[in-house]
Amino acid sequence: MSLTTNELAKFSAFCKDNNFHIPVESSEIFLKYKIQKDLNSLEDSIKYLYYLLPKDYESQQTLKSLIYKYFHYVIEDLNSATFYIIDEYQNNNEKLLELLEDINLGNLEELERMSVDLIMNDIDADFTRPVSDLYWLNQIKKSKKYQEFFDMFNNLEMSNFSELTNQLNKENMQRLLDNSILEKIIEERNKQKTAYKPSELEPRTQLNEKDFLFTNQEERKLLLEQTYQLGKKLAIKYKRFIKDSNKGNLFFRRTIRKSLESGGSFEKLIFKPRIKKKPKLTILCDISGSMALNSLFGVTLLYGMVSKFKSIKAFVFIDGATEISKTLRLIKKNEIEKIFSRWGDFVKSDGHSDYQTSLQELIKIDNSEKGTLIVIGDARNNYRNISEDLIEDLDEKYKKIFWINPEQSKYWNTGDSQMKKFEEINYKTVEVRNYKQLKDFIKEIDLKKVLSL
Amino acid sequence: MEDLSLKDLQKSGYFADQALLDVVNAARFLNKPLLIEGPAGTGKTFLAKTLSGILNLELIRLQCHEGIDEDRAVYEWNYKKQLLSIQTKSDTSNLFAEEYLIKRPLLKALTSEVDNLLLIDEIDRADEEFEALLLEILAENQITIPEMGTITGEENKVIILTSNNTRELSDALRRRCIYLYLDFPNIEIEKKVLMNTVEGISEDEAIKYASLIAFVRNLNLNKIPSLIESIEWVKFNIFSKSQTDENLGILLKDKSDHKLYLESMEHFNESNNK
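Here the protein sequences line up with chains A and B, keeping their order.
Counted from 1, the first sequence has number 449 at position 450 by numbering that gives the first Met the number 0; the numbering is strictly sequential.
Counted from 1, the second sequence has number 188 at position 189 by numbering that gives the first Met the number 0; the numbering is strictly sequential.
Hints were generated in silico from the structure; no laboratory data involved.
All clues given are correct.
If you anchor each label on the Cβ, the simulated ranges turn out as follows: (1) 174(B) with 439(A): 16 to 26 Å; (2) 253(A) with 110(B): 26 to 36 Å; (3) 53(B) with 93(A): 36 to 46 Å; (4) 267(A) with 60(B): 23 to 33 Å; (5) 110(B) with 325(A): 50 to 60 Å; (6) 134(B) with 253(A): 26 to 36 Å.
Bear in mind the structure is a predicted one, so any value in this text is a computation, not a measurement.
We put the beta carbon where it would ideally sit given N, CA and C, even for glycine.
So that you can see chain A by itself, here it is in the shape it has in the complex:
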């Protein structure tokens, strides 16, 4: 059976419903290829659909999950093998070998069966209890059955060098199993939604649109890497902008000298570099408890920017602002999480977020004038007051203020959130809960408009 044009149209409509737009041109290319190459089997067609349509890594991943949903067909990616099959498995444990081979072929049934087994039989879980999903995962990880399974890997007799491969396989297996268990737990808890779950906790299938708060360890690692790249990209955008506006007056002496090469005609004009004040960019990130995981993403973004460009200043605050640009420049990418273990360094009085004091301090420490400020925070001030003077001072000190709020916009101004006061003076206020929103925000920033003096 082959993929008909009709079905392709249906599939692109399905993609559109899931916020993934397939351009007509791309479908045309695919159809052209299909007709000329005479692709008969459905599998081949789907495979080339995947090769020819996407134009970047993210859309490739999105399309992959959509294809799985629509056609129930797993696409083998480049270097897709998750497990490395070594000869020693054959002599020792055939069951393990079968399982690994199955998973490599994209057959996850056995893995799912195992995770259901672990959830149902081993612990007496009361999923209505208001604790996080990770709590239940840890409970399961402590169980005997879970550990017994991984002993399968340990009990094999192996030559020395296969041990490394075995170790890799084991780690991989652990990751996959944990993810699968977590998925099942979320499913199970959603069944009992009335007791505890608000609707937004439903698992999202696409990673880009998944809230930072609900990512698991593996997804977080991937997203943090991408966030770091985004920070770098924003810094490069900023750097290029500054370079652009650097041309000054005509450099007469060097222009004349250069023209001698071509017999006195001015084929190339040389300009003096203009010495002017660099536009200042300050970023402030709330790292208090209420921000939870969001602050990790915030600080990673800061790191990406600061490591690329020196005149960007980064601050963090809980109840008092601290500059961390220098610290960030000294550490390496894999040490970012360690900053949070030095929580005590950033607490100045009681450890609850205090926007009033922090912003006042920021105005004092930050010596830039008429710069741009980007704030990452939820504006929850623990029922403390925010004075009118502060708002006025902020408005005067910074030319433009961007506010990134990780909360859903419908919760702004509820409870102790003081978003309203800041919104009045902000140039732009956006809700950023997931990677997609963050990317859109950075893509849309037009530095020429924002930073020009």
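Dock chain B against chain A, hints included.
Below, chain B without anything else, positioned relative to chain A:
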């Protein structure tokens, strides 16, 4: 046009899986440029070089950098020659003829009569404005020079663009290309590469080193070792018949990475001995 097979690639020392080959074949068949993205050191440029070798194409390379412009990439008028000819010849009617044109890589690839492969390397390092310059040649296979008119090329070339993804490429550029994401090789492929490039290595040793390198890449490193670095490291180890921690500098180029590697190897050995 015949499709390439994995054997062809392997003969010239490039090891890959079928999925990569399918994309390359599709790009060749549709006569569209191929955009390869991925981390540094995964063999993006080498793929282009290998293809030019197999398909017998002349390799024309344009290395992009910040501030690259039309003069460096497409064409430039030879002002000095024009000036001289004004002074010597009485007839100055046609100063913008082809003899005064200096051809840069893009124009060279377009007008070349020999089949060629145009490699536009690290496109993400060039400015955004430069991308717009490329659109015409990528989509229409032509270049417009205001003084001379439009030059259309023959369909005898393969275009490959590589990017390290330090900057978001524009949608207009992506739209015109076929996309390929190249990641670090898996153990199987790394083993084959080692067997092919390192002299005097046995299969057992190749598997051993391949799995060791996969293990290292899986650590939380600052700079993940590239394919070339790992090959050089293994080469040296085989040559000196020992694997010591002193020559770790060939593989890992960061102080904290060294520490992480030594710690995790120690940890691993301990758990083995128990």
